[in-house]
Each structure stands twice: as structure tokens, then as C-alpha cells.
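Given the coordinates of chain X, assemble chain W onto it according to the supplied hints.
Those protein sequences? They're chains X and W, same order as listed. Residue numbers are given in the working numbering: position 19 of the first sequence equals residue 19, and the series is strictly consecutive. Residue numbers are given in the working numbering: position 129 of the second sequence equals residue 129, and the series is strictly consecutive.
In case anyone wonders, no lab produced these hints; they're calculated from the structure. Please read all numbers here as calculations on a predicted model, not as lab measurements. None of the hints are false.
The calculated lysine to aspartate or glutamate pairs, modelled on EDC-like cross-linking and capped at a C-alpha distance of 20 Å, are:
| id | chain 1 | residue 1 | chain 2 | residue 2 |
| --- | --- | --- | --- | --- |
| 1 | X | K193 | W | E213 |
| 2 | X | K30 | W | E213 |
| 3 | W | K220 | W | D210 |
| 4 | X | K29 | W | E153 |
| 5 | X | K30 | W | E153 |
| 6 | W | K150 | W | E138 |
| 7 | W | K260 | W | E118 |
| 8 | W | K71 | W | D81 |
| 9 | W | K195 | W | E172 |
| 10 | X | K191 | W | D210 |
| 11 | W | K47 | X | E11 |
| 12 | X | K193 | W | E172 |
| 13 | W | K47 | X | D158 |
Sample of chain W residues at the chain X side, in silico, Cβ under 8 Å:
| id | residue |
| --- | --- |
| 14 | M80 |
| 15 | R115 |
| 16 | I119 |
| 17 | I127 |
| 18 | M131 |
| 19 | T162 |
| 20 | Y165 |
| 21 | L187 |
| 22 | V201 |
Glycine included, every Cβ here is placed at the ideal spot set by N, Cα and C.
Here is what each chain is made of, one letter per residue.
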Amino acid sequence: MHIVDGALSTEVLIAGTVLAAGGIALGLKKLPMEKIPVAGVLSATFFVASLIHVPIGPSSVHLILNGLAGLVLGWAAFPALFVGLLLQAVFFGFGGVTVLGINTLNIALPAVAVFYLCRHGIASHSPVVAAIWGGVGGALSIVLTTILVGAALAFSGDEFIPAAKLVLVTHIPVMAVEAVLTGFAVYLARKVKPDLFAGVEATAGGVQ
Amino acid sequence: MGHLVSSGPKVLVSADTVSANSVLDGLDPRSRIAAALAFAILIVSLKSLTVLALGFGLSVATLLATRLPVKATLRRMAAMDSFIVFMLVLLPFTVPGEALFFLFGFPFTFEGLLRAVEIGLKANAVILMLMVLVGTLEPVTLGHALHRLKTPETLVHLLMFTVRYISVLHQEYQRLRAAMKVRSFRLRNSLHTYKSIGYLVGMMLVRSVDRSERILAAMKCRGFNGAIPLLGAMRFSARDAVFTVVSALLAVTLVVLEWKIGAAY
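In isolation and in its complexed conformation, chain X is listed as follows (with noise of 0.2 Å):
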């Protein structure tokens, strides 16, 4: 779902460009120096991740995974997802210069949306209801996303209103596959190592 170079008013990329340096400026202030190497290596975690393909029907689609980026990172996703998309651009070609703020905003900010909105059940007792809360989060994240995507593309021109609902319905299947995916990471991880979750933010922050 990247945006590339050309296509955005400059509004839009001025617009994009600020708030995710403003998110960005947020998450780091909550990393001090010891949080360092464990946002640093789930940055690779989710890196690593994104390069993976499922199936969908005849196609494939590779993972997101900002939902769960979200969920274990708080704010820290932002800085996080900015690192992975700036790797992206420049040793894949993937997305571009000037669009690279308003990308790291139309992921990240369903990222902390999630963390947020999802928090408080992930840190259920039963792992099955965590799982299910992570599930809400996977789908809301990709909803989310594809309505910033979309809202930048129409904000920067008329013409661009049938490709943003074209991303909007193709990405239906998509956020099925993440809401099952991220659903079954969560449990995983809450029988494996129940306190992955309290997390990045939680104990450098203090917020819980």
C-alpha cells in the first residue's frame, strides 16, 4: 500500500510529512536508551515479516502486520515502521523520497489506534480472548490504513476517488488474512511469553 512520488498534492505531503514527524518525535521521546535494542530488533521482527507471502484465492498478498506492530511497540511503532519503510525506499526501490512521511502516518497511526483501542483486552486472563482482541486489532489496522491511504489520494484530487475505493474493497481479503494471522500471534505469544505485551511502552513509559 505504498504511495509513491507524483502522485500527492503537496498539501497533502506537507500535511503527511509534519504529523508523522510529530508521531515519530513521540515515539522516540517514550525509547529511552535501554529500550533501544528490543525496537530496534522488532523493527527487524517486522521487517523480516513484511517480506512474507500468503496465498489469497488465485493470488498472494506479503503481510503488514502494523496491527501487531501496534499492539507490542505502542508509539514506538512509529520510529519503528518509519526505519522499515526508509530500508524499503532505498535498498528495495519501494515507495519513494517525498511520500515517505505520509507513508510511515497512513501505518503507523493504525498502529498506535490499535494499541490504544486493543490494549486492554490483549491483557486478558484467557489467551483466547487476547487472541480475538488481537484479531480486532489486525482488521482494524488494515481498515485504517487503507482509509488514510485513501483519504490522501482523494484529498489531492478528484480523479483519484475510484482508485481509492478500488484499494479500499481490494483490500477486503486482506484484512481477513491479518485479522487470522495476527488473532493466532497473539495466542502464541501469550502462552509462550505472557509478558511480551506489556511490552516497548508499558515499562519505559509507565502508562499502564
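Frame of chain X; chain W shown alone:
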């Protein structure tokens, strides 16, 4: 991007510099980053298709001036196009204007076609220049250069950790996938597939967090105090001055051409 996965992480794995280009090697990494960024902003703000074509030509010329594998780099650039192609194909039908012909009753407009070409040229010119100028840096050098360009220290640390552990975790991922494969796991359209991959991701998360705890302990043991020791000096040399002047002249040429030609084509 499946076919790129194998080629992708290798770029980040290589610890030693890929000295594929002689022209750029002597340049300060900071000038290369600044040039790529300035080029992106310039290209995005241009309108004339002729000037944009020249801009794209400039990216290709830079690619040819280095000794990068031309075909492989262009193929990587084209992989991005496969992402945006559906949006570009839609444009001629959604931009209002003079209809050239009708397809299933939808008008195909000349204005829309121009808009699609414009976006295609911009996106490819910018990403190609970025890959040639910055993508040929060693990832660690990129981190150091960003640090010297006043990027917040925490962000640079995060970047360096990510770069370091992508290759490690990719190997771990491949090991887990191999373990699944010998147990006859195959990707299918089934809940079993999604469940297994979900568990795989969950397992990778758990192992990553465990690994990071060991890393932190090792860092503490060595008295890490949060400062980045910078290896090697970056110096703005005469070569960089020449590079800057040439880049600036080219940029001015593009701007003047845009102004002369106007937004005609």
C-alpha cells in the same frame, strides 16, 4: 515483491562495501543523501512532461555513470511500477477532459493519459536516483551519515539495530520455515496455513524479544553509554564541491526549461 525477497535482504546482509561504482565512491555520503533528497523535491514540483523526461534521463545517466548492474536495477525499479500500474491505468478514465475513445462506455481522456505519464515519470525518476545515490551506500554508512546530518541519535540507533538484525532474523525465519517444510507444510488457501504462519510470526516475536534482552545485557556489560562511536571521517572534499556545483547547474537547467516551456507539455 516475491521475486525480490531473495535479492532483497542480501543487500543488507553484506557487511563490506559493494564498491560497484567508481564515480560515487569518493563522494561524501552526506552529499549523496542531500542530492537525492533535493532531486526528489525538484522532480515532484515540476509539471512539464518534457522536463520530467529529462529528469528521468538524468537518473538513468547517473545509473550508467556508476558501475551498478543496469538490468537488475531497472528491474527493481519496474517492480515498483507493478504496484502503481492499476492506479495509472485508471487515471485516463477518471480525469475529466477530451475523450480520445470509449472503452465499455467509459471515456479515455488525453488529459488523464498525460497525468498518468507524469506520475509514472516522477515516481521512477525519484526512486531510481535514490537507489543509485543512496542505495549503494553500506547500510551502516547510511546510519552514520544520517547521524552527521543531525538526525536524532535514538532514531539512528534504531536504524542501526534494524539493519543489523534484519539479516539475523531473516535467517531465523528461513530456519523456522525449513523446519515447517520438513514437516510437510505447504502454503495453501486454508485456515491451517494462516494459523501456522500466525504461530510463526508469534514465535519470531517471542524469540526476538528474548534476543534483545541478551543484546541489552551484552551492551550493559561493555558499558554502553548511548553515544555512537563513529568509524572513519566524512569530509566534504573538492570532489563533493564539483558534484554539488554540477548538480546545482543541472537543477537550474531543469527549472529554467520548465519556466521556458511552461506547463504546455
